[in-house]
Amino acid sequence: MNIIVCVKRVPDSEARIQLSDGKTSIDPTGVKFVLNPYDEFAIEAALKQKEAAGEGSVTVVSLGGPQSAETLRTALAMGADSAVLLKTSAENPSGLPVARALAGELGGREYDLILFGLKAIDDDQHAVGGMVAELLDIPSASAVTEFAIEDGSVRADREVEGGSEVVELSLPCALSITKGAYEPRYPSLKGIMAAKRKPLEEKEVSLGEGNETVRLAPPQERAAGRIVGEGPDAVPELIRLLREEAKVL
Amino acid sequence: MPGIFAFVEARDGEIRPVSREVVTAARSVADGLGEEVHAVVLGGAGIGDQAGSLSRYGADRIFVGADEAFTNYSVDGYARALAAFIREHGCSVVIFPASSMGKDLAPRVAARLGVDYAAECTALEVEGGTLAAVRPQYAGKVFATVRFPESPAVLSVRPNVFQPVEAEREGALETFTPERAGDFGSIVRELKAGSQEARDVSEAPVVVSGGRGLRDPENFKILEDLAGAFGNAAVGASRAVVDAGWRPHGEQVGQTGKTVSPSLYFAIGISGAIQHLAGMRTAKCIVAINKDPDAPIFKIADYGIVGDLFEVVPRLTEEIRRLG
Ligand SMILES: Cc1cc2nc3c(=O)[nH]c(=O)nc-3n(C[C@H](O)[C@H](O)[C@H](O)COP(=O)(O)OP(=O)(O)OC[C@H]3O[C@@H](n4cnc5c(N)ncnc54)[C@H](O)[C@@H]3O)c2cc1C
Ligand SMILES: Nc1ncnc2c1ncn2[C@@H]1O[C@H](COP(=O)(O)O)[C@@H](O)[C@H]1O
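Protein chains in written order, with the working numbering: chain R, 43 to 291; chain A, 64 to 387.
Because the hints were derived from the structure by calculation, they are not lab data.
Small disclaimer: the values here were computed from a predicted structure and weren't measured.
One or more of the hints may lead you astray.
What the hints assert, rightly or not - Which stretches of chain R does chain A cover? Using the computed rule of at least three CB atoms under 8 Å from a CB of chain A, they are: (1) 59 to 73; (2) 109 to 118; (3) 132 to 141.
For glycine and all other residues, C-beta sits at the position ideal for the given N, C-alpha and C.
Required output: the full structure, derived from the provided sequences and hints.
Given below as structure tokens:
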């Protein structure tokens, strides 16, 4: 069982996001970067599969700047076997060029499964997994909370509105994992030490064009909120405001 | 006439309400570009029966691709059929709902067409004959304006943002034969839905969310009663209570849960951590009920009540019921 997991380095979910002068990218100064939380679910899922199969390998692949090597080391420390960094100087490349570069790399490898996170918490696109699958012409499922491999096919539970659906996929396939059955493990001290000696291959890639970000802007400020009152006696006034001022009732 | 493609989502033989929003969004783009709205539905036999009503929201033509093979959703099968349709018709803009199906399907359709994709758009603007889309990034901390250098522009629209607007059209129903080359590699075998009535947090116009302040899973009954009083509300949850196993993950709102944009959002016994705000800050109106006057949720809420939720919520439910 050869599993590839695509992982991305992203600003921490707590990070304060400020715009750079050109207003088309964010200012990374003082921002803490982490392994994308959804990709942690994907790594955990891959490790669980490998453990269950009792054989195979987990390869993590990331496209990004030189600092993405750190992110890959984190994944290696969790238990992945080897890593590939597709190095680019492009800042915040869009979905299609990233997917093309990843597909270009993965297309030349042997794999049974390619796992992604549901979305990267910086661009929030939910795009790269499906795009890579299409480019490689393999089946896919996104928003997967749990999956099992039986008789050469995959049964995946996918989160949908009001419930879930069971998707059957033939191997090889791509799955984008969301929070569910795979609670990410913490890298152990031993894992961190071992990660230093695991192979991390670096390759330069050049990216094509995609959609153009014309500008970034902070969200519209919400008008300062108001405490309507204290305790249950404030309820009638709240109802009045919701009806007459906010007009949502 | 190339047309603005509006994906009509059907599941289990039913056209989903979010499709009206997609058609509405497509209508506004079509008006800006001087084009027509072409609504397209795929599904099993009989799927076209309900599609006619979409002309009320501005569909000029409704294309029905009914074929037994498309009864159950297959992301690769659907992507192939839709991409073939889009190529043949030369659609200039392709709009999906940012629903679980839309977000699964749109990236594959885009990649198959060799174009990029913009997810979860919250505004679409046409200026000088060019489309630009606004979409949140960094969990809503930033809004990006995106342009589409290649044609077609493929995008999805966030549910609850483009409120359905009636714009009656002729809406001729036409059938087409969806391309079906080869076997489907991925197919839905089973739908494990909650009750048909239960609305999903990502689609309900009113969301009543509870957090650790509820103290005990049983106490969510109080929120279910409030949701019931509204009639069109869904119950949501903070990660703290989902992690504790009190509520299913499908109800989690936030960074690692769902993103919601209802007209009215209640945060009850929720402190307002940044990762929770990530999922609900685009709600039109936010109401917080919390006993701690310094809870960060009050900074983002339009209206707040400081108090014990066990006293405030039952009273609120009573008053909402009275409104009928
Ligand atoms: C990577 C990452 C991703 C995350 N993703 C999410 C996510 O998707 N969604 C999410 O919600 N969180 C997420 N979190 C967790 C988040 O940081 C908070 O821990 C969580 O939102 C807290 O949940 P809470 O508000 O229910 O609990 P608490 O923070 O404990 O707040 C409980 C609140 O209830 C109030 N309260 C208590 N009793 C009463 C009463 N009787 N009446 C009224 N009020 C009362 C208290 O004053 C308090 O404000 C994430 C964290 C990380 C690190
Ligand atoms: N630069 C990247 N390098 C490796 N994997 C990526 C990259 N960008 C996105 N991905 C993968 O694609 C998933 C979805 O990302 P996105 O489409 O950007 O929301 C992520 O969770 C990753 O698994």
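Q) Going through the earlier hints one by one, which of them does the structure break, listed in rising order? A) Hint 2 contradicted; others consistent.
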